[in-house]
Amino acid sequence: MATSDNLIQVQRLKKHYGQGSVKALDGITVDIRRGDVMVVIGPSGSGKSTFLRSLNLLEEPTSGAIFFNGIDITKHSYVNSAGKTVTLDIDHYRQRMGMVFQHFNLFPHMTVLQNMTLAPRKVRHFPKRAIEQKVRALLERVGLQNKANAYPIQLSGGQKQRVAIVRALCMDPEVMLFDEPTSALDPEMVGEVLDVMKELAREGMTMVVVTHEMGFAREVGNRILFMADGKLLEEGSPSAIFEHPQHPRLRDFLSKVL
Amino acid sequence: MEHFIQVSNFEKIIPYAKLFGEGFVVTVLLSLLAVMIGFALALVLATLRMSHCYPFLWLARTFPRFFGFLEYTSKGTKRESGFWYRLGRFNPLAFIAATYVEIVRSTPVIVQIFIIYHGVFSLIKLPTGTLFGFIKFHRFLPGVIALGMNSGAYLCEIIRSGIQSVDRGQTEAARSLGLNRSQTFRYVVFPQALKNILPAIANEFVAIIKESAVTYTIGVQDIMSAVNAVRGAAFIVMEPLLVATGLYFCLCFPASKGVAYLEKRMRRGDQR
Ligand SMILES: Nc1ncnc2c1ncn2[C@@H]1O[C@H](COP(=O)(O)OP(=O)(O)OP(=O)(O)O)[C@@H](O)[C@H]1O
Ligand SMILES: [Mg+2]
Numbered sequence: 000m001a002t003s004d005n006l007i008q009v010q011r012l013k014k015h016y017g018q019g020s021v022k023a024l025d026g027i028t029v030d031i032r033r034g035d036v037m038v039v040i041g042p043s044g045s046g047k048s049t050f051l052r053s054l055n056l057l058e059e060p061t062s063g064a065i066f067f068n069g070i071d072i073t074k075h076s077y078v079n080s081a082g083k084t085v086t087l088d089i090d091h092y093r094q095r096m097g098m099v100f101q102h103f104n105l106f107p108h109m110t111v112l113q114n115m116t117l118a119p120r121k122v123r124h125f126p127k128r129a130i131e132q133k134v135r136a137l138l139e140r141v142g143l144q145n146k147a148n149a150y151p152i153q154l155s156g157g158q159k160q161r162v163a164i165v166r167a168l169c170m171d172p173e174v175m176l177f178d179e180p181t182s183a184l185d186p187e188m189v190g191e192v193l194d195v196m197k198e199l200a201r202e203g204m205t206m207v208v209v210t211h212e213m214g215f216a217r218e219v220g221n222r223i224l225f226m227a228d229g230k231l232l233e234e235g236s237p238s239a240i241f242e243h244p245q246h247p248r249l250r251d252f253l254s255k256v257l
Numbered sequence: 000m001e002h003f004i005q006v007s008n009f010e011k012i013i014p015y016a017k018l019f020g021e022g023f024v025v026t027v028l029l030s031l032l033a034v035m036i037g038f039a040l041a042l043v044l045a046t047l048r049m050s051h052c053y054p055f056l057w058l059a060r061t062f063p064r065f066f067g068f069l070e071y072t073s074k075g076t077k078r079e080s081g082f083w084y085r086l087g088r089f090n091p092l093a094f095i096a097a098t099y100v101e102i103v104r105s106t107p108v109i110v111q112i113f114i115i116y117h118g119v120f121s122l123i124k125l126p127t128g129t130l131f132g133f134i135k136f137h138r139f140l141p142g143v144i145a146l147g148m149n150s151g152a153y154l155c156e157i158i159r160s161g162i163q164s165v166d167r168g169q170t171e172a173a174r175s176l177g178l179n180r181s182q183t184f185r186y187v188v189f190p191q192a193l194k195n196i197l198p199a200i201a202n203e204f205v206a207i208i209k210e211s212a213v214t215y216t217i218g219v220q221d222i223m224s225a226v227n228a229v230r231g232a233a234f235i236v237m238e239p240l241l242v243a244t245g246l247y248f249c250l251c252f253p254a255s256k257g258v259a260y261l262e263k264r265m266r267r268g269d270q271r
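Chains A and B, in that order, give the protein sequences.
Start counting the first sequence at 0; every next residue gets the next number (numbering that gives the first Met the number 0).
Start counting the second sequence at 0; every next residue gets the next number (numbering that gives the first Met the number 0).
Think of the hints as simulated: they come from the structure by calculation, not from any bench.
There may be inaccurate statements among the hints.
[Unchecked claim] Here are the simulated BS3-like pairs of lysine-lysine, each with C-alpha atoms no more than 25 angstroms apart in a straight line:
hint, chain 1, residue 1, chain 2, residue 2
1, B, K77, A, K74
2, B, K77, A, K22
3, A, K22, B, K194
4, A, K146, A, K133
5, A, K74, A, K230
6, A, K230, B, K77
7, A, K230, A, K13
8, A, K230, B, K74
9, A, K230, A, K255
10, B, K17, B, K135
11, A, K13, B, K74
12, B, K77, B, K135
13, B, K194, A, K121
14, A, K121, A, K133
15, A, K74, B, K74
16, B, K77, A, K13
17, B, K194, B, K135
18, B, K209, B, K17
19, A, K133, A, K197
20, B, K209, B, K256
21, A, K74, A, K13
22, A, K146, A, K127
[Claimed, not checked] Restraint ranges, calculated between C-beta atoms of paired labels, are given here:
hint, chain 1, residue 1, chain 2, residue 2, range
23, A, I152, B, L261, 56 to 64 angstroms
24, B, I114, A, D90, 42 to 50 angstroms
25, A, G190, B, I95, 35 to 43 angstroms
26, A, A136, B, F89, 47 to 55 angstroms
27, A, R32, B, S105, 58 to 66 angstroms
28, A, A64, B, T46, 27 to 35 angstroms
29, A, A149, B, R180, 47 to 55 angstroms
30, A, H91, B, I114, 45 to 53 angstroms
31, A, I152, B, V6, 55 to 63 angstroms
32, A, H246, B, L86, 37 to 45 angstroms
33, A, A64, B, S105, 44 to 52 angstroms
[What the hints assert, rightly or not] Residues of chain A placed beyond 10 angstroms of chain B at every Cβ, according to the derived structure:
hint, residue
34, S43
35, M98
36, L112
Virtual Cβ for every residue (Gly too), placed ideally from N, Cα, C.
Based on the sequences and whatever the hints tell you, model everything.
Here you go:
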């Protein structure tokens, strides 16, 4: 079903709320290839967050399939290469998909260091020494090496979001999911977070980014998805989407945000 | 009524001072132990209430061919309402815990204490020894258990609301990092919930100190039973009652003031 350069295949994904009265996702089909920087844009309420949160099953889809490395993670079991039926352990797949939230969601009762080492230690059982070394290297990369022992409350918004990004990176994810990572930031802090994301993209990280930062989408994205009313209305390269938009909804949207 | 309260009557209490002292210790111990038992019980109850034990959903997923209809409609979409949906969501553990909590919260403490003492412990024979020479074990223990079972129900609701007050984003962040449900609870949700509910737990302790007064009815020799003893021996009521009032007040007032102070400090900590 899946070929090796397709990391995630989404097929006819639907998510309904209120017994079908709200169709947050109305049949989304898309392939995410390794190394893609896929930027999802669209008006408020179009289902962008729901789409992103479905990818790691924070939202349970109503129907459809999501193949991650060829395995449908929306089912509760799968047949492995030896022909045996195995129960699907969703925690195992979530480890491989890092997620960054609009409101950071750092753990307030833990220091930066503890925030970052929690999952590697408890889930991966990495030795403390090794993981702390890695954490310090990651913190240095985002310019926060002197904040290891700070509590989230002592950080600015931009610093919090950079910590949230490296916290996810600690688990060596295969893909990073960003849900409006700069929307809750003061304007002067947006740049520092986007810079970290740009560098990640340059290093070849597969990324799915929901954002209203059209500059970032154009500069860093290699594929742009335009969503409205739970549907994927248009998909293309940044130049195709921004220079030659086809769908009237997209033209209308761009005229408002650009 | 002219002799309603007389200073000279207080002198009559002096020989019973030891009784009040022991009563004070009994009241404090009784309340402390009751809240501790209550907290342990509440943890169990809250765990049951928030467990994910869905036997019918398990059937549907294990034998999809026969029971799949519990989870999916004939059109292949997930059920979101109706009888089969609710049956799939039925959690027997949560049901048992909720039933316990509601029964305890809807009946008077004294009825619960009588049921435990005259009912349950008429079947279980306790040794009739004493602790520290003045705590009658076979009356004290049923009192502790009854109060503990009572406060367990209230603390369960306190814990549950504490857990629900933790931002959903915390759980989502933890789960997205690959922590499973119980790791998320243990390392992320519970520590934050505990901080939120500490004042409420301390308040429950104050409430139990006051409620423990009814255990004198099963012969626990607490402060209230000292009042009764003086009344029977010296034929005065108001004076020993005033002493008891003073003792209860000295216990509860500083405790609740301490709680208020703690709450204020913690709120300040959050806004730092
Ligand atoms: N838990 C929920 N219950 C009911 N409806 C929901 C729920 N979550 C989302 N929705 C609805 O689903 C639709 C899509 O929501 P979603 O949050 O995915 O939009 P979005 O594109 O991320 O919007 P925004 O740009 O405002 O973040 C909206 O109409 C929303 O009201
Ligand atoms: Mg959103």
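For each hint, the structure was consulted:
Straight-line distance between C-alpha atoms of B:K77 and A:K74 comes to about 12 angstroms, which keeps the hinted pair within the 25 angstroms bound. For the proposed pair B:K77 and A:K22, the alpha carbon gap of about 14 angstroms is at most 25 angstroms, so the pair holds. For the hint linking A:K22 to B:K194, the alpha-carbon distance of about 38 angstroms lies beyond 25 angstroms, and the restraint is violated. Proposed proximity of A:K146 and A:K133 is supported: the alpha carbons are some 15 angstroms apart, at most 25 angstroms.
For a cut-off of 25 angstroms, the pair hint linking A:K74 to A:K230 stands: about 23 angstroms separates their Cα positions. Note on A:K230 and B:K77: the hinted pairing holds, with a Cα-Cα distance of about 20 angstroms set against a maximum of 25 angstroms. Pair hint A:K230 plus A:K13 holds up; C-alpha atoms about 9 angstroms apart against a cutoff of 25 angstroms. The suggested pairing of A:K230 with B:K74 holds, with an alpha-carbon distance near 21 angstroms, which does not exceed 25 angstroms.
Annotation: proposed proximity of A:K230 to A:K255 holds, straight-line Cα distance about 20 angstroms (limit 25 angstroms). Between B:K17 and B:K135 the CA atoms are separated by roughly 16 angstroms; this keeps the pair inside 25 angstroms, and the hint holds. At most 25 angstroms may separate the alpha-carbon atoms for a hinted pair to count; A:K13 and B:K74 meet this at roughly 13 angstroms. Only pairs whose Cα atoms come within 25 angstroms are accepted, and B:K77 paired with B:K135 is rejected, the gap being roughly 60 angstroms.
Straight-line distance between C-alpha atoms of B:K194 and A:K121 comes to about 22 angstroms, which keeps the hinted pair within the 25 angstroms bound. This hinted pair checks out: A:K121 and A:K133 have alpha carbons roughly 16 angstroms apart, not beyond 25 angstroms. Pair hint A:K74 plus B:K74 holds up; C-alpha atoms about 17 angstroms apart against a cutoff of 25 angstroms. With a CA separation close to 11 angstroms, the supplied pair B:K77 and A:K13 stays within the 25 angstroms bound.
Restraint check: the Cα-Cα separation between B:K194 and B:K135 comes to about 36 angstroms, which exceeds 25 angstroms; the hinted pair is violated. Restraint check: the Cα-Cα separation between B:K209 and B:K17 comes to about 21 angstroms, which is no more than 25 angstroms; the hinted pair holds. Only pairs whose Cα atoms come within 25 angstroms are accepted, and A:K133 paired with A:K197 is accepted, the gap being roughly 21 angstroms. Of the pairs offered as hints, the one joining B:K209 and B:K256 holds, with about 16 angstroms between alpha carbons and a cut-off of 25 angstroms not exceeded.
Distance hint between A:K74 and A:K13 is fulfilled; the C-alpha atoms sit about 14 angstroms from each other, no more than 25 angstroms. With a C-alpha separation of about 18 angstroms, the suggested pairing of A:K146 with A:K127 holds against the 25 angstroms cut-off. The hinted window of 56 to 64 angstroms between A:I152 and B:L261 is violated, with their beta carbons roughly 19 angstroms apart. Remark: the range hint 42 to 50 angstroms for B:I114 to A:D90 is upheld by a beta-carbon distance near 44 angstroms.
About 55 angstroms separates the C-beta atoms of A:G190 and B:I95, a value inconsistent with the hinted range of 35 to 43 angstroms. At roughly 50 angstroms, the beta carbons of A:A136 and B:F89 sit within the given window of 47 to 55 angstroms. At about 60 angstroms, the CB distance of A:R32 to B:S105 agrees with the hint of 58 to 66 angstroms. Roughly 34 angstroms separates the CB atoms of A:A64 and B:T46, a value that falls within the hinted 27 to 35 angstroms.
For the hinted restraint 47 to 55 angstroms between A:A149 and B:R180, the CB-CB distance of approximately 29 angstroms leaves it violated. One distance hint, 45 to 53 angstroms for the beta-carbon pair A:H91 and B:I114, holds here, with the actual separation near 49 angstroms. The hint said 55 to 63 angstroms for the Cβ distance between A:I152 and B:V6, and at roughly 57 angstroms that hint holds. Distance hint for A:H246 and B:L86: a CB-CB separation of about 44 angstroms, consistent with the stated range 37 to 45 angstroms.
Here the CB-CB span from A:A64 to B:S105 is close to 48 angstroms, well matched to the stated 44 to 52 angstroms. Remark: the non-interface label on A:S43 is consistent with the geometry, its nearest Cβ contact in chain B lying 19 angstroms away (cut-off 10 angstroms). The claim that A:M98 is not at the interface with chain B is violated, since a C-beta of that chain comes within 10 angstroms of its own (minimum 4 angstroms). Against chain B, the non-interface label of A:L112 holds: every CB pair exceeds 10 angstroms, the least being about 14 angstroms.
Hints 3, 12, 17, 23, 25, 29, 35 from the earlier list are contradicted by this structure; the remaining hints agree with it.
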